[in-house]
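If you want the building blocks of each chain, they are given just below.
2 protein chains.
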Amino acid sequence: MRTLFYYNWQIRDEWFQVLEQVPAIDLLRDRHAGVGSILKTIFHIIDVEYSWIRVVKNESDITFQFEDYNDLKSLRNLSEKIRSEIKEFIDNWSNDMECEAVIPSWMDKTFNKGEILRHILVHEIHHIGQLSIWSKELGIKVVSSNFIGRELLERH
Amino acid sequence: MRTLFYYNWQIRDEWFQVLEQVPAIDLLRDRHAGVGSILKTIFHIIDVEYSWIRVVKNESDITFQFEDYNDLKSLRNLSEKIRSEIKEFIDNWSNDMECEAVIPSWMDKTFNKGEILRHILVHEIHHIGQLSIWSKELGIKVVSSNFIGRELLERH
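Protein chains in written order, with my numbering: chain V, 1 to 156; chain W, 1 to 156.
Treat each hint with caution, since some may be false.
Claimed, not checked - Below 20 Å or equal to it, Euclidean Cα-Cα: the simulated EDC-like pairs (lysine to aspartate or glutamate) are:
1. W:136 x V:30
2. W:109 x V:151
3. V:113 x W:151
No lab work stands behind these hints: they were computed from the structure.
My request is simple: use the sequences and hints to build the entire structure.
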């Protein structure tokens, strides 16, 4: 499971790089699908990941406001700032935590920690798939979503 | 890892159901992104999954032609037909197979079986994310990509 977090982060960073060449107006344009714009999609990925990670860490939720991160640089800084905290948790994840039950503050429902980690993983891959459609409209290079060829299993 | 295969299959089947209400012409329309049309995307998911599964099973590749499966019913039948074979393999997957090396017939490169299984998983989630964008254009319900709430870990 750890490897898929590294996969997501590597791809997210490649998107940050590719999107640097896109004018802010195109990054902010409402595309009437998904969560709206390209920047809102990336914000949503980061926000959702962090909220759920706080849940599995048994810590209270910290919410971010899109208005505070509505440009590529701020989003990238936010992503990098919280990644070290998330990475530390993921690197120390052990399978005996899989079935520990938690209740997120915003839902009246119990989940297993293993279930939540998988939810975070598929959530990002799903939304990155949406970016790949929009990138065609922008005429920019699509970041490869291939898992193979990234040598992720060898490294971590 | 097994659970994420079940996640993908559950969502694929929900898409088959939702897409039943969409006229064939809309399913076949080239959307100038991803691999083209909605049907081509689903065909691509099934085709890629099966080709890589054959690789990890040390079996020769079987290729499908889109022209033979260019309607929803044929694709659904193909998906169901090969699923029992794939499911049997996935259900009997063990972690000691992770590092077994294989070379696909269409590439001059060695991969580990664990790497390939992850590749299959993220490949489908990525392309399903693309469908979610196009479903808005069609005005149909988007299939939820949530992992939580599907009770997948309890069942398998």
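Now for the hints, and whether the structure bears them out:
no.: 1; hint: W:136 x V:30; in the structure: 13 Å, holds
no.: 2; hint: W:109 x V:151; in the structure: 12 Å, holds
no.: 3; hint: V:113 x W:151; in the structure: 13 Å, holds
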